[in-house]
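Visitor: Listed here are the chains, written in short residue letters.
Protein chains: 2
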Amino acid sequence: MRISELSAATGVAVPTLKFYRREGLLHAGESTSPNQARYDESHVARVRLVRAMVEIAGLSTASAQSVIAALDDEGMPLNSLFGVAQRAVTMPTALAHPESAAADGDGAADAAPAEAPGARIIAELCARRGWHVHGSNPGLAMAARVLDAYAQLGRDDLLATLDAYADAADTVARADLAAVSGAGGVTDMTDVVVIGTVLGDALLAGLRRIAQESESQRRFSAPPASAARASTDPEESC
Amino acid sequence: MRISELSAATGVAVPTLKFYRREGLLHAGESTSPNQARYDESHVARVRLVRAMVEIAGLSTASAQSVIAALDDEGMPLNSLFGVAQRAVTMPTALAHPESAAADGDGAADAAPAEAPGARIIAELCARRGWHVHGSNPGLAMAARVLDAYAQLGRDDLLATLDAYADAADTVARADLAAVSGAGGVTDMTDVVVIGTVLGDALLAGLRRIAQESESQRRFSAPPASAARASTDPEESC
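Respectively, the protein sequence lines represent chains A and B.
All residue numbers for the first sequence refer to the numbering used here, where the first residue is 1 and numbers rise by one.
All residue numbers for the second sequence refer to the numbering used here, where the first residue is 1 and numbers rise by one.
Where hints are given, some of them may not hold.
[Said to hold, decoys possible] Reference excerpt, derived from the structure (chain B facing chain A, CB under 8 Å, subset only):
1) PHE19
2) ARG21
3) ARG22
4) GLY24
5) HIS27
6) ALA28
7) LEU49
8) ILE195
Hints were generated in silico from the structure; no laboratory data involved.
Please read all numbers here as calculations on a predicted model, not as lab measurements.
No residue lacks a Cβ here, since even glycine has one placed at the ideal position from N, Cα and C.
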């Protein structure tokens, strides 16, 4: 198909497709003339994947490039691909680059061990659960920084939620890996790793918001006004 | 304490504190002269909260303002505060503003019901689990868009993970609400709602990355090189 047909098949405008091509997010088509190329179903699938990464998971172009490069590297073991996909998912800047937060203001004192127990608590959690990961796993620093923030905010009581969060992480990880194992060939497996990892955070964050509101309604009585509205306006509720 | 002492107590530079003041993120101190004010422990706590929201959870100034305004509104019911905190957490732009994604290119066809089954699947999930939420809950659109992306990418097999993700969301929501109920007074409860909601996504995403790598190691044999390195270099692993 021509680029205009690739655009129609994917719902992505031609200038955007040309941008994807320039940025290495879309592989070359077969040249049919000096300024024309022919595209196939592999291009349709790739455009949809790039679009999901950029528009739904919110990845930067650079992060999407790193995932695409890993996908196209046939020699990359599945574990490494997981790592690339995990790192690519958008994180708050301070989590992705802990050193940038430390450079803010004169906050060096915040890095003192006594005020930053997060790393130790996470290491103990890993030992308790039999989790074995390399020290470069980006989740270690993400989780530790949240626990450090709980401590600095004087909310050590939130540590009581840690094991429930770890249970939830285990539940999701087992489902993720079962999906990878269940996928057909190697190409399908790498697809599932990337799509599941990149979009899974957003799915989990969405479901958490639904479950949280539902549980909050159950525990605390809703204010009369909204309860009345919910009962007379059922199509507005889930 | 003076502003220089507030800076020392929180590790936040004076110009940043003045910025927080101007943006309404920090309440006024007690005026002691035309250009001096006295701050107390309530200001220390507030600065730490703002810093955690902006630097760790990655909230924009506008989002942090909406949370602070809700915290300071003593008449706001706890359920509404949950909603404000949920909406404030940074989301990929396309998730927060679904209409902006539809405006991209000529992608109107992607909005056709046959290609967008996500909302229906989430409504069925809510019914199955007894989840009751208002239609304005931001999680509904977030989760539905991810499922729509699975369908468009031809990866309906990932739908098999949905119930496990919902189990995980329930586990976390129950822990979140137990922490809220366990907090002392109303001020503590609103603190826990805001801190737990805003930072909990990052904690969950971090633990998911750890559990995923660990589960991947368990299912798929690690490449020999990294396995050997892990065994001889134990301090690098968790």
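Visitor: Would you list, in rising numerical order, the hints stated earlier that this structure does not obey?
Guide: Going through the list in order, the structure violates hints 1, 2, 3, 4, 5 and 6 and respects the others.
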